[in-house]
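Peer 1: My request is simple: use the sequences and hints to build the entire structure.
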Amino acid sequence: MIIIVRLILLANVVFAANETDLEVSESGLKVQSNKPPKTCEGELGCFPVNDLFADPVVRPISQTPSHRDQVKTRILLYTQENNNIKQPYQVFAWNLPNYQLSPFNPLLPSKFVIPGYLDGRLTAAWTVEMVAAFLQFTNYNIFLIEWRNITPYGVAVSDTRVVGSEIANYINFLISHAKVRPESFHLIGHSLGAHIAAYAGQNVPNLGRITGLDPARPNFQNLMRDAVLTSDDANFVDVIHSDFNPINAVGFTDSIGHVDFYLNGASPQPGCFLQDRLFRGFVDGLRLGPVPLVTQTVRYNTLCSHQRSHELFLESIIFREHGCQFVALKCRDYEAFANAECSCDDEPNACAVLGLNADRYFQHEFKELARESGRWFLRTASKRPYCLYQYQIVIQLGYHKLPFLKGKMHLKIHYFLNGKVGLIELRISPPKALLTSALRMPYVVTLENSLGDIHHISFAWYSEQFEYMYARHYFRIPLKYIKISPITAMQPAGSLPVTKYFCHNLTPIKSLKFITLKASHSCLNSEAI
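Residue numbers (mature numbering (1 follows the signal peptide of the UniProt record, and there is no 0)): -16 to -1, 1 to 513.
Honestly, the hints are just simulated from the structure, not real lab data.
For every residue, glycine included, the Cβ atom is placed at its ideal position computed from N, Cα and C.
Watch out, some of these pointers could steer you wrong.
No more than 20 angstroms apart at the CA atoms, straight line, and that leaves these computed lysine-lysine pairs for PhoX-like [claimed, not checked]:
hint: 1; residue 1: 502; residue 2: 484
hint: 2; residue 1: 392; residue 2: 494
hint: 3; residue 1: 56; residue 2: 70
hint: 4; residue 1: 484; residue 2: 396
hint: 5; residue 1: 396; residue 2: 497
hint: 6; residue 1: 497; residue 2: 392
hint: 7; residue 1: 497; residue 2: 390
hint: 8; residue 1: 390; residue 2: 494
hint: 9; residue 1: 494; residue 2: 396
hint: 10; residue 1: 56; residue 2: 22
Simulated restraints, written as ranges between beta carbons of each label pair [said to hold, decoys possible]:
hint: 11; residue 1: 345; residue 2: 412; range: 28 to 34 angstroms
hint: 12; residue 1: 385; residue 2: 426; range: 21 to 27 angstroms
hint: 13; residue 1: 302; residue 2: 398; range: 28 to 34 angstroms
Peer 2: Set out below in structure tokens:
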């Protein structure tokens, strides 16, 4: 079933015939026009099928969008005044009585939640959950977009342009009549909804922000910039990639925003294996009602990784001011991230926070960012809560003369958190088979709880030579230091450095013998590290 659905989405198959413009000749016969086919919708403008939206490989069959009365775009407004999720206020562009009676507050920022393919309120619970979270934990104007997205995929792809123009039309109306600034608008779109946000942003100069939640890849990747979400479409564009396996991904694999977050290396995401999908979809469906019971089970079994992007963004709303943060580290690739080759100190904004507050954690104006600034990586859990505390741990050996030494490391980290003593044990295998002289062993470790204030470390190593013989007790290695750095985007002003070194005097340590290390920077003066 999974393979069938992915093939439908990834193959450039369109189930609707391509529309062709016809003209009437002098003889009265209808003949094919040489003009590109297009749909025109009054104040929304025209939507031609030109080279921007057609490609022999990416989108070999391209069609004109449906008429706006067929697309059926609805803009639903929620505020603290009308916070009943079942009774939104429907708004209309350029309708002054409708605006004057609406609960819209021009003094507050506005968030637009834009669903993608098959993401309606009845077929996908996440849109309702996100609106409810905004209403419970924030104070914004919340707009939920509804549109006819339960159609053949090719039809939905072409209709995204109409939906984007409807959103832009309404935002421009608010800018004109409510005197609000375009920077106050933030569009959050999942899958096809990310590209809808792009089309809206292209028609609203100086739009504040667009968040792309795993932008749809089929029929989009490798098209021209104006046909897909890019960093050109708003002052700040952040993108969460959750289904980016280069072979069969549903989401975009390329970096397209100012900041692109990549979760866990590649899909499938943790918790998206078969047994997890069956259980999670069924449980969520039971919780949400009879229709979601079917749709959620189907969605989790086909698009689990694709959905993870909006689940993480939802969690960032709920825990935005406290607790764990989704901190990502800028690296050339996931392997470099996993090997602790990158640091938050490498450059400004080397660490970024995924989610609602992503725009708060940059040290300069967004317009100064490069078009596609790079890739930020992070690890997450397999189920809610998804956020994990991430630490870089570096074990630095000293010089020795044992050329064939093999072994594993054992750390016991003793810490204080909220007035309580904690202990966590880590067993680490070196990335290389041999414990060579002066070996540097970097790791990224993820934990469900913070390490708080680390008091001391107990360290031991286990020789793998003569594993079942007493002789292995005689192998020794010199330890220089252990370095522990939390991956965190921003520290409070005036706070103490968070990276801690636990130095040793390089005296060779016997296998199977624990030693105690306390925080110290004494080893930093001996040589560069």
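Peer 1: Each hint should be assessed against the structure and marked as holding or not.
Peer 2: Results of checking the hints against the structure:
With a C-alpha separation of about 10 angstroms, the suggested pairing of residue 502 with residue 484 holds against the 20 angstroms cut-off. Of the supplied pair hints, the one linking residue 392 and residue 494 holds, its CA atoms being roughly 13 angstroms apart against a limit of 20 angstroms. For the proposed pair residue 56 and residue 70, the alpha carbon gap of about 19 angstroms is at most 20 angstroms, so the pair holds. Taking the CA atoms of residue 484 and residue 396, the gap is about 15 angstroms. The hint holds against a cut of 20 angstroms.
For a cut-off of 20 angstroms, the pair hint linking residue 396 to residue 497 stands: about 13 angstroms separates their Cα positions. Distance check on the hinted pair: residue 497 and residue 392 sit about 13 angstroms apart at the alpha-carbon level, within 20 angstroms; holds. Only pairs whose Cα atoms come within 20 angstroms are accepted, and residue 497 paired with residue 390 is accepted, the gap being roughly 16 angstroms. Simply put, residue 390 and residue 494 have alpha-carbon atoms about 13 angstroms apart, close enough for the 20 angstroms limit, and the pair holds.
Of the pairs offered as hints, the one joining residue 494 and residue 396 holds, with about 17 angstroms between alpha carbons and a cut-off of 20 angstroms not exceeded. Among the hinted pairs, residue 56 with residue 22 is consistent with the structure: their alpha-carbon atoms are about 19 angstroms apart, no more than 20 angstroms. For the hinted restraint 28 to 34 angstroms between residue 345 and residue 412, the CB-CB distance of approximately 30 angstroms keeps it satisfied. Distance hint check for residue 385 and residue 426: the Cβ-Cβ separation is about 24 angstroms, which falls inside the suggested range of 21 to 27 angstroms.
About 31 angstroms separates the C-beta atoms of residue 302 and residue 398, a value consistent with the hinted range of 28 to 34 angstroms.
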